[in-house]
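2 protein chains.
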Amino acid sequence: MAKHVLFTPGPTNLPPEVLEALARPIVHHRSPEFAPIFKQARENLRYLFRTENPVVPLICSGTGGMEAAATSLLARGDQAVYVSAGKFSQRWGAICRAYGIDAHGYEIDWSLGATPDLVQRMLREHPAAKVVFTTHCETTSGSLSDIEGIARVVSGTNAVLVVDAISSLGAEPLETDAWGVDVVVTGSQKALMLPPGMAFVSVSPKARARIESCDSTVFYFSLKKALASLDEGTTPWTSQITMTVALNAAVDLVRRTGGVEAAWLRHARRARAIRAGCETLGMCEYSRAPSNVVMAMVPPDGIDAGRLIRCLRDEFGFTVAGGQERLKGRIVRIAALGHIDDEAILSLMTALEEAFRHQGREVEPGVAAAAAKRALSPPPTPA
Amino acid sequence: MAKHVLFTPGPTNLPPEVLEALARPIVHHRSPEFAPIFKQARENLRYLFRTENPVVPLICSGTGGMEAAATSLLARGDQAVYVSAGKFSQRWGAICRAYGIDAHGYEIDWSLGATPDLVQRMLREHPAAKVVFTTHCETTSGSLSDIEGIARVVSGTNAVLVVDAISSLGAEPLETDAWGVDVVVTGSQKALMLPPGMAFVSVSPKARARIESCDSTVFYFSLKKALASLDEGTTPWTSQITMTVALNAAVDLVRRTGGVEAAWLRHARRARAIRAGCETLGMCEYSRAPSNVVMAMVPPDGIDAGRLIRCLRDEFGFTVAGGQERLKGRIVRIAALGHIDDEAILSLMTALEEAFRHQGREVEPGVAAAAAKRALSPPPTPA
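Protein chains in written order, with this note's numbering: chain A, 27 to 409; chain B, 27 to 409.
One or more hints might be untrue.
Any copy, or any two copies together, can satisfy a pair, since identical chains are not distinguished.
Claimed, not checked - Below 25 Å or equal to it, Euclidean Cα-Cα: the simulated DSS-like pairs (lysine-lysine) are:
| id | residue 1 | residue 2 |
| --- | --- | --- |
| 1 | Lys354 | Lys251 |
| 2 | Lys232 | Lys354 |
| 3 | Lys250 | Lys113 |
| 4 | Lys251 | Lys113 |
| 5 | Lys251 | Lys399 |
| 6 | Lys113 | Lys354 |
| 7 | Lys156 | Lys399 |
| 8 | Lys399 | Lys232 |
| 9 | Lys156 | Lys251 |
| 10 | Lys354 | Lys399 |
| 11 | Lys232 | Lys250 |
| 12 | Lys399 | Lys65 |
| 13 | Lys232 | Lys65 |
| 14 | Lys113 | Lys399 |
| 15 | Lys399 | Lys250 |
| 16 | Lys250 | Lys65 |
| 17 | Lys156 | Lys65 |
Hints listed in this document are in silico derivations from the structure and should not be mistaken for laboratory results. Given the structure is predicted, the values throughout are model-derived calculations rather than measurements.
The shape of chain A in the complex, shown without the other chains:
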């Protein structure tokens, strides 16, 4: 059985192609050798983001990418609104508060995603809001927001729509340009199949105009500086050379395996399998707006989530995530992002059955794995 397979919503397992790219000797970031690598990376990012807009590479975690977006778009005293539905969407509020941005949070039931109606109300109640912050998949709960509908609402206003797609980009459909999303933030260590260490931020012309006119005081995270450098084919600070090379290897892999749309379908297929397997064991999904990014599964009465997680890790080498904040101890979060094969999913299900038995539950051998396998099988051809 494979050891140390990650079923976590980041970091995720790295494909051999990415590991090989990480191990290549370094070239200088201001050299003729790096120029075509960086050009390719910029094209690859636009491809992944489904946009013609520039996508800024930043050396930081996903949180840094969020900070770059918020502090480049808004100055002290500016108004903004954000949806709050878990640990990560709350972070929009925390970042804004730190920088004196007047951000109004709208808390919703954590088992739900943000809706166009809610965003419409937010903007009606705060017409001076310059930015609407949302979260595509809230990793705390696995809930998905209706970004397409929200973008329809926001694009008719002067406000800029910012989407945290840190855990979702590459796994869930997100049509940056077709839906009219102004700013999308993602991180390297999720469906992009890279180590942690970079964030990427796409910027629409509407958002760029706001950034150019913003009286912001940001330095390292200045998207204004980063966009100006990007226009000249470079970065304001040292580039993350190794990760840029690895990004190209990862996107090559996405392209060779059917492209972004095929990646979305793979994530949906795996999510169905994990759900089906878990349900045979009496686990039910916490979210009522579930994503294919991470499944937050509530164990049946009498089964302890923490013990399940420890057993999967210590006995079987599978890392899954627990609950955070108010969901701590209540759920098991399972993600199958990026580089995961069917066999690993079936092994995880077999291990999960065993973890239930460890807690005294009788489980018919193979029941979860069989359900997962059925979900992974191609649907029968219509007669």
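Using the hints provided, position chain B relative to the given structure of chain A.
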């Protein structure tokens, strides 16, 4: 002849041990597998920094590390002083200005380093300054500041001494604790022999007290948050797992090859060889306070610095750096940081001879390489 050898003051060549570490499968950053890796990395950083103080790992370039230090120690309206002697020391002023910190810059001749006398005057003229920002090696010029003497001045005051040792740590002697330096900032892509992508910041008790009481509004770069997490053996945001593993491999290599002191001696020995070789060609050193980090060499009259650099790169695969700001076009900057062997230095010198010939200069074959080789040879044993 070796291709694509970097003689630049960052990024630097990666040793095979580091490349291998970068290619290892990833483990989760909040897992029992990562805990000992991160513990080892914290010890390794204290070892490199010559300190018992905590050393905070940050995902960012060196500039981000500088911003973290400045904005965690100082709030809007606070006073600070900094020495300005090139592109990188000027950055202390730019960061402070961006965040409304009242920083007073003292420009010195770029061919010199900062001295204790200067810092004494700075603090006499600005007694309310809470922080003194200095640069160990100014990478623009190769000039070295007298940090030991400066620390003696600052430690007798209420001010906190911050040293940008981004290019120098691991190459030039820097005794964080023995000299009493409060905050040292370095980057991963210099003598640490890692790719770009991380900064590391050591924090003395005096600096930590200032950080704890500072009414700063920083979020991602909060050293207060980072230190609190470090006390619990973790990071506030996602850890750079891959780079942490590689850091341990790099420091293992430093330990196995004689330790930090031996690394300092290696850099001094290589610097002597590069100087000796360049001088036979009529190049003279720009700096009158030269470091062993990077040698800024002024070509003789009639030899164009830019053409030398392009010839070394295009004909021989050696990357050296040009001048920046007011030194643009006037100097060739050669660094031999981290993972460079004697053979590469001799090859570089042979290539440099040829690059002079390309500009019509008659050069006795092997003269620069022979001078470098003599400097690399062990000194004669006393009779």
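Outcome of the hint check:
1. Lys354 with Lys251: between (40 Å within a copy, 22 Å between copies)
2. Lys232 with Lys354: neither (39 Å within a copy, 37 Å between copies)
3. Lys250 with Lys113: between (28 Å within a copy, 20 Å between copies)
4. Lys251 with Lys113: Classified as between: cross-chain Cα gap 17 Å, same-chain 30 Å, threshold 25 Å.
5. Lys251 with Lys399: For Lys251 and Lys399, the Cα distance exceeds 25 Å both inside one copy (50 Å) and across copies (45 Å).
6. Lys113 with Lys354: within (11 Å within a copy, 48 Å between copies)
7. Lys156 with Lys399: Classified as neither; 48 Å inside a copy, 64 Å across copies.
8. Lys399 with Lys232: neither (46 Å within a copy, 60 Å between copies)
9. Lys156 with Lys251: Intra 21 Å, inter 29 Å, cutoff 25 Å: intra-copy only.
10. Lys354 with Lys399: Classified as neither; 30 Å inside a copy, 64 Å across copies.
11. Lys232 with Lys250: within (13 Å within a copy, 35 Å between copies)
12. Lys399 with Lys65: Neither: 41 Å inside a copy, 40 Å across copies.
13. Lys232 with Lys65: Classified as within: same-chain Cα gap 24 Å, cross-chain 45 Å, threshold 25 Å.
14. Lys113 with Lys399: Neither: 33 Å inside a copy, 60 Å across copies.
15. Lys399 with Lys250: neither (49 Å within a copy, 48 Å between copies)
16. Lys250 with Lys65: Classified as within; 19 Å inside a copy, 37 Å across copies.
17. Lys156 with Lys65: neither (32 Å within a copy, 43 Å between copies)
In summary, the numbered hints that this structure violates are 2, 5, 7, 8, 10, 12, 14, 15, 17.
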